[in-house]
Structure formats: C-alpha cells, structure tokens
Amino acid sequence: MRIGEMVRRTGVSERLLRYYEEQGLLTPTRLPSGYRVYTDANVDTVRRIRALLAAGLPTTAIAQVLPCIRDDGATLVPVCSELVAQLRRERERITDAIKDLQTSRGMLDTVIAAGPADTD
121 MRIGEMVRRT GVSERLLRYY EEQGLLTPTR LPSGYRVYTD ANVDTVRRIR ALLAAGLPTT
181 AIAQVLPCIR DDGATLVPVC SELVAQLRRE RERITDAIKD LQTSRGMLDT VIAAGPADTD
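When the sequence shown is numbered by the numbering used here, its final residue is 240 and no position is left out of the sequence of numbers.
Since the hints were made in silico from the structure, they are not lab data. For glycine and all other residues, C-beta sits at the position ideal for the given N, C-alpha and C. Please note that a few of the clues may not be correct.
[To be verified] Cβ pair distances, simulated, as ranges:
{"#": "1", "residue 1": "R138", "residue 2": "T195", "range": "27 to 35 Å"}
{"#": "2", "residue 1": "P152", "residue 2": "I218", "range": "47 to 55 Å"}
{"#": "3", "residue 1": "R122", "residue 2": "A233", "range": "52 to 60 Å"}
{"#": "4", "residue 1": "Y139", "residue 2": "T223", "range": "27 to 35 Å"}
Kindly produce the complete structure, drawing on both the sequences and the hints.
And the structure:
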C-alpha cells in the first residue's frame, strides 16, 4: 500500500510516518521511483509504536524495545528477557518526572495562594 492508504489505516500523518522511518522504527520498501510501499506488518508496527509512545517511551527507547514486543490482541507482550528490566527503568524515569511535576505544581499553588483573590 502507498503512504496515503497507510495514513488512512493508521490515523498517523505522512510526516509522522516519515519521522518513524528516519528514527529507524519503520522500514517500508521503496520502489525504483522512490515511492514508499507499506505492508500490513507495517500497520501493526505503527500501532505498537503509538502504544509505546502513549506509555511514555521516547522514540530512542522504542527503537530498542520494538524488536522485543509482540502484539497479543489489546496487550503488548515483551518477548526478550532483558526487555522487562529496561521497561522497569523507563517506568522509574516516568515516576521521577511525575514527582518533579508534582513538586512544581505545589510550588505554584503556594505562590498562587499568596496572591490576591481571583477576579475572574
């Protein structure tokens, strides 16, 4: 299928598909004319990429994780033993970022509370 059909089937823009290709996450075949040709397997790959992005993983981590993930219906399942440890590290990174954001929000709340009453 050509890129337009891939956009329709995945809901991902042409620009994002090209970005995934640049990042080494997606590898469509190329015709001699330079046109990209995608397969059903590429559609599944894009769905896995989107799920991993939604889970908070950066594309650099996804490039490492993607070969070790299979799709089991609605769930992504790690198939490489070392992957679970890597995913735990990513989870800890996200947990730390959440803690930092909560601290920032608390500081803002303190500043806001010290200001004049809302005039909205």
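Against the structure, the hints:
Distance hint for R138 and T195: a CB-CB separation of about 28 Å, consistent with the stated range 27 to 35 Å. The given range of 47 to 55 Å is respected by P152 and I218, whose C-beta atoms sit roughly 49 Å from each other. For the pair R122 and A233, the beta carbons lie near 56 Å from each other, so the given range of 52 to 60 Å is met. Look at Y139 against T223: about 32 Å separates their beta carbons, and that is inside 27 to 35 Å.
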